[in-house]
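There are 2 protein chains.
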Amino acid sequence: MQTPQKIAVVGSGLVGTLLAIYLKKLGHTVHVLDRSPDIRTVEFSGRSINLVMSNRGWKALEDIGLTEEIKKIGIPVDKRAIHLKDSKLNYQYYGKEGEAIYSLSRGVLNRKMIDLAEAAGVEFFFEHRIWDVTLADATLHIGETERGEWTDLKYDKVFGADGAFSRIRHRMQRQSMFNYSQEFLNIGYKELHIPANPDGSHKIDKNSLHIWPRGNFMLMALANLDGSFTCTLFMPFEGENSFESLKDEKTLVDFFAEFFPDTKEVIPDLVRDFFKNPTSYLVMMKCFPWTHADNVALIGDSAHAIVPFYGHGMNAGFEDITVLNEMIAKYGDDWEAIFKAYEKSRKPNADAIAELSYRNFMEMSAKTADEKFLLQKKIEKWFSDKHPDLWMPLYSRVTFSLQPYSEALAIGDFQNKIMEEVMQMENIETIWDSEVVEQKIISLLSK
Amino acid sequence: MQTPQKIAVVGSGLVGTLLAIYLKKLGHTVHVLDRSPDIRTVEFSGRSINLVMSNRGWKALEDIGLTEEIKKIGIPVDKRAIHLKDSKLNYQYYGKEGEAIYSLSRGVLNRKMIDLAEAAGVEFFFEHRIWDVTLADATLHIGETERGEWTDLKYDKVFGADGAFSRIRHRMQRQSMFNYSQEFLNIGYKELHIPANPDGSHKIDKNSLHIWPRGNFMLMALANLDGSFTCTLFMPFEGENSFESLKDEKTLVDFFAEFFPDTKEVIPDLVRDFFKNPTSYLVMMKCFPWTHADNVALIGDSAHAIVPFYGHGMNAGFEDITVLNEMIAKYGDDWEAIFKAYEKSRKPNADAIAELSYRNFMEMSAKTADEKFLLQKKIEKWFSDKHPDLWMPLYSRVTFSLQPYSEALAIGDFQNKIMEEVMQMENIETIWDSEVVEQKIISLLSK
Chain P
0 MQTPQKIAVV GSGLVGTLLA IYLKKLGHTV HVLDRSPDIR TVEFSGRSIN LVMSNRGWKA
60 LEDIGLTEEI KKIGIPVDKR AIHLKDSKLN YQYYGKEGEA IYSLSRGVLN RKMIDLAEAA
120 GVEFFFEHRI WDVTLADATL HIGETERGEW TDLKYDKVFG ADGAFSRIRH RMQRQSMFNY
180 SQEFLNIGYK ELHIPANPDG SHKIDKNSLH IWPRGNFMLM ALANLDGSFT CTLFMPFEGE
240 NSFESLKDEK TLVDFFAEFF PDTKEVIPDL VRDFFKNPTS YLVMMKCFPW THADNVALIG
300 DSAHAIVPFY GHGMNAGFED ITVLNEMIAK YGDDWEAIFK AYEKSRKPNA DAIAELSYRN
360 FMEMSAKTAD EKFLLQKKIE KWFSDKHPDL WMPLYSRVTF SLQPYSEALA IGDFQNKIME
420 EVMQMENIET IWDSEVVEQK IISLLSK
Chain A
0 MQTPQKIAVV GSGLVGTLLA IYLKKLGHTV HVLDRSPDIR TVEFSGRSIN LVMSNRGWKA
60 LEDIGLTEEI KKIGIPVDKR AIHLKDSKLN YQYYGKEGEA IYSLSRGVLN RKMIDLAEAA
120 GVEFFFEHRI WDVTLADATL HIGETERGEW TDLKYDKVFG ADGAFSRIRH RMQRQSMFNY
180 SQEFLNIGYK ELHIPANPDG SHKIDKNSLH IWPRGNFMLM ALANLDGSFT CTLFMPFEGE
240 NSFESLKDEK TLVDFFAEFF PDTKEVIPDL VRDFFKNPTS YLVMMKCFPW THADNVALIG
300 DSAHAIVPFY GHGMNAGFED ITVLNEMIAK YGDDWEAIFK AYEKSRKPNA DAIAELSYRN
360 FMEMSAKTAD EKFLLQKKIE KWFSDKHPDL WMPLYSRVTF SLQPYSEALA IGDFQNKIME
420 EVMQMENIET IWDSEVVEQK IISLLSK
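Chains as they are written, first to last, in numbering that gives the first Met the number 0: chain P, 0 to 446; chain A, 0 to 446.
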């Protein structure tokens with residue numbers, strides 16, 4: 000058991016609240032501070048993308064006995080439903096029979112997590128605006144405004160779970176030898192909505208992640224418990240098919256009729272939602288180190304904000320907690336050793352999932368509508384089913400295993416090189432499930 | 000002629016003062032503000048690397064009639080003097096006969112530039128601490144401390160020439176769609192000193208850039224007008240031969256005796272200077288965009304801090320001014336067009352010189368002691384002398400031409416691929432200046 004500490008977790012998001020539960024169960028005094036009001040008391044949103052929980056997220060919940068509570072509010076999703084331009088539907092299963100990711104509404108999950116944290120004895124302080132931190136002694140500086148009066152709150156440890164625009168990281172960034180990057184994509188996103196049927200059922204298959212892939216833009220939809228879907232339109236800010244180009248009602252309606260004809264029936268409030276909801280940015284943040292001495296650490300998006308195309312932002316953040324907890328078990332009261340081992344273990348994996356997520360935009364928005372790509376995935380699945388010991392597809396490694404992301408990325412690249420050769424075999428369209436292909440892959444694997 | 004504007008240049012360094020002279024000559028009211036005292040009134044140093052001015056820098060001075068003034072305080076340097084571990088000396092000429100870079104003391108040059116700017120009518124405000132800027136209306140916020148009272152200074156335009164740790168960029172960084180990165184090297188540097196002889200002459204050849212290349216660390220020296228040399232020791236912070244390892248007097252003296260034996264006579268104050276002078280960091284900063292609407296722009300290190308191994312930090316900053324001035328001539332009073340064209344033209348070139356500078360550490364610290372590398376350079380020079388129309392070496396493109404850095408980098412990479420093939424020719428050591436090598440290069444060039 001560790002010596003009890005007074006710990007501040009900055010940020011009451013998903014990673015902050017789960018971390019708080021872990022720390023509380025270890026016997027510490029835990030305060031969660033957030034600049035925003037309690038999400039349980041306000042209406043949520045207009046700028047959210049639904050979450051998907053997969054094995055890494057479940058592992059962190061499982062270790063602390065919360066899996067059942069959260070499964071109740073999730074909807075299993077075992078495949079992509081690909082809506083082609085001619086309204087034809089293709090399905091692509093994510094893994095083996097019984098493997099699924101879980102769609103969760105961010106607001107619903109976040110409220111539940113705060114309830115669970117409070118039940119565990121964590122104390123919450125909402126509308127506490129943290130403007131700065133003194134790294135040397137883990138003191139938070141809060142106040143109404145950045146230029147106004149501040150109050151100091153002294154802790155033994157501070158965790159910055161305050162997201163992509165973290166104030167804790169902002170202070171660390173001004174230290175020597177702190178590497179940092181922020182990179183905005185030229186693609187933005189907007190939330191849209193498919194309401195439930197009058198009887199509360201879903202209008203389209205709830206167990207699919209729906210994608211309308213259109214090259215450099217796409218629409219996607221994930222189910223909510225209440226029968227509705229949260230939809231997200233990803234597209235460039237500027238250019239031919241872009242947010243900038245959809246400037247009036249008629250252009251918008253014509254655009255949807257052309258590219259997403261089968262959404263007409265299911266997105267009744269397109270015009271209202273499109274012009275009411277904000278167009279949000281996508282940004283990647285990287286930094287190192289993640290910790291300062293034995294008293295301040297970054298975790299989740301504040302350390303590694305990634306783009307949402309692999310559905311792993313929350314999963315990677317929850318895995319940070321799993322690893323931190325392992326290091327606590329290993330190093331006890333030596334918090335400097337805990338922090339050093341934690342950041343060293345997590346940094347290469349955070350970089351790997353950042354890269355995988357970035358690449359996945361092209362996979363989702365363009366390749367899922369490409370026959371050749373779908374055939375490649377089919378061959379991989381067929382070979383993997385025959386030789387599960389020789390081949391686990393990249394998606395399964397990332398999503399249905401706990402293999403470090405960096406290993407998954409490296410092996411995925413190796414597998415992809417093999418598949419490039421396989422796809423160049425003559426008549427691959429007809430011989431794809433033949434012994435010659437099977438032997439070819441086996442021989443390439445042993446090179 | 001432009002409509003006169005009230006312009007603030009933040010930073011009284013080399014780029015800030017030269018920019019101020021340009022803007023003043025265009026008819027604007029120009030204030031230069033700096034948080035530091037007037038460099039003319041304080042002792043300079045202990046943490047400087049000497050500057051080298053090359054063609055891009057001279058071009059910016061020439062266009063405004065300052066070349067002669069500055070040449071007086073510079074020392075031409077036409078070659079590298081490579082001090083091998085056995086005290087043997089090799090010379091490597093930088094360019095053709097008569098081509099040279101100019102060694103300049105930062106302090107001497109900066110003082111001279113401020114004198115010239117004042118003579119041109121620029122107003123200086125030292126010890127004015129700028130903490131923030133309101134981008135929307137080009138207002139600077141100054142005060143004693145970051146948390147204390149601030150005064151607002153309203154301008155028409157603000158230029159951030161405030162270096163790698165720019166406060167102006169710091170504000171821009173908090174805007175959406177602003178990309179930014181800072182990356183610290185694991186290599187630090189320390190200033191050392193070779194004093195003049197009693198008669199004021201130089202102890203070693205003043206027209207050489209002296210390098211003691213030792214693999215992952217090196218010493219270098221550049222002459223000053225007063226007969227002394229500013230030396231810089233570059234080495235890793237940690238590891239076998241590192242700043243961390245040189246922890247006491249004996250270790251330091253033994254280390255210099257082993258690796259830099261011929262410096263014993265010329266660096267008499269090694270021990271005092273080493274332990275007195277700080278170990279400084281090397282950092283690369285990149286960002287984009289560099290401008291905000293028509294009222295704020297970054298220039299020099301604030302937009303693109305690079306490492307010093309190509310000697311192009313100041314030259315790249317001065318070239319920013321040349322390009323900005325071209326855009327002013329082209330777009331007149333349309334400052335938004337000026338700023339957009341300026342950043343678009345400069346960004347790829349700033350990225351290219353950042354890359355070239357980063358790579359040059361390995362060239363200076365390791366390759367200059369490598370026989371194979373020196374032979375390759377000799378072949379390039381020989382071929383270039385025979386066929387100046389077919390081959391200009393990379394160093395000459397970067398340093399003795401005004402070709403955009405990005406083109407120099409691309410062509411340099413192409414040339415390097417050719418040289419890799421040439422160096423693999425049998426008996427290249429003996430046939431290096433034969434017709435067969437000449438024809439080989441010509442044939443590879445036309446591929």
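Treat each hint with caution, since some may be false.
Beta-carbon label-pair distances, calculated as ranges [stated by the list, open to error]:
1. A195/A <-> R358/P: 54 to 62 Å
2. D261/P <-> N178/A: 31 to 39 Å
3. R46/A <-> R34/P: 36 to 44 Å
4. D151/P <-> K71/A: 52 to 60 Å
5. T144/A <-> P347/P: 50 to 58 Å
In the PhoX-like style, the derived pairs of lysine-lysine whose C-alpha atoms are separated by at most 25 Å in a straight line are [claimed, not checked]:
6. K5/A <-> K202/A
7. K71/A <-> K202/A
8. K285/P <-> K285/A
9. K346/A <-> K285/P
10. K95/A <-> K285/A
11. K346/P <-> K285/A
12. K385/P <-> K346/P
Don't read these hints as lab results, they were simulated from the structure. Cβ coordinates follow ideal geometry from the N, Cα and C atoms, glycine included.
25 Å limit on alpha-carbon distance, applied to hinted pair K285/P and K285/A: Status holds; Cα separation ~14 Å.
Pair hint outcome, K95/A versus K285/A [Cα-Cα no greater than 25 Å]: Outside the cut-off at roughly 33 Å; violated.
Agreement of K5/A and K202/A with the hint, judged by alpha carbon distance not exceeding 25 Å: Violated, at roughly 49 Å.
Hint check for N178/A and D261/P - Cβ pair distance inside 31 to 39 Å: holds, 37 Å
Given hint K346/P paired with K385/P - CA-CA distance at most 25 Å: Distance of about 35 Å is beyond 25 Å: violated.
Distance restraint hint 50 to 58 Å, applied to the beta-carbon atoms of T144/A and P347/P: With a Cβ separation near 40 Å, T144/A and P347/P fall outside 50 to 58 Å, so the hint is violated.
Range hint compliance [Cβ, A195/A to R358/P, 54 to 62 Å]: Check passed, 59 Å falls within 54 to 62 Å.
25 Å limit on alpha-carbon distance, applied to hinted pair K346/A and K285/P: Holds - the C-alpha atoms of K285/P and K346/A are around 22 Å apart, at most 25 Å.
Pair hint outcome, K71/A versus K202/A [Cα-Cα no greater than 25 Å]: holds, 21 Å
Given hint K285/A paired with K346/P - CA-CA distance at most 25 Å: Within the cut-off at roughly 22 Å; holds.
Range hint 52 to 60 Å (beta carbons of D151/P and K71/A) holds or violated: holds, 55 Å
Assessment of proposed distance window 36 to 44 Å (beta carbons of R46/A, R34/P): At roughly 39 Å between Cβ atoms, R34/P and R46/A fall inside 36 to 44 Å, so the hint holds.
In this structure, the hints that do not hold are numbers 5, 6, 10 and 12, in rising order.
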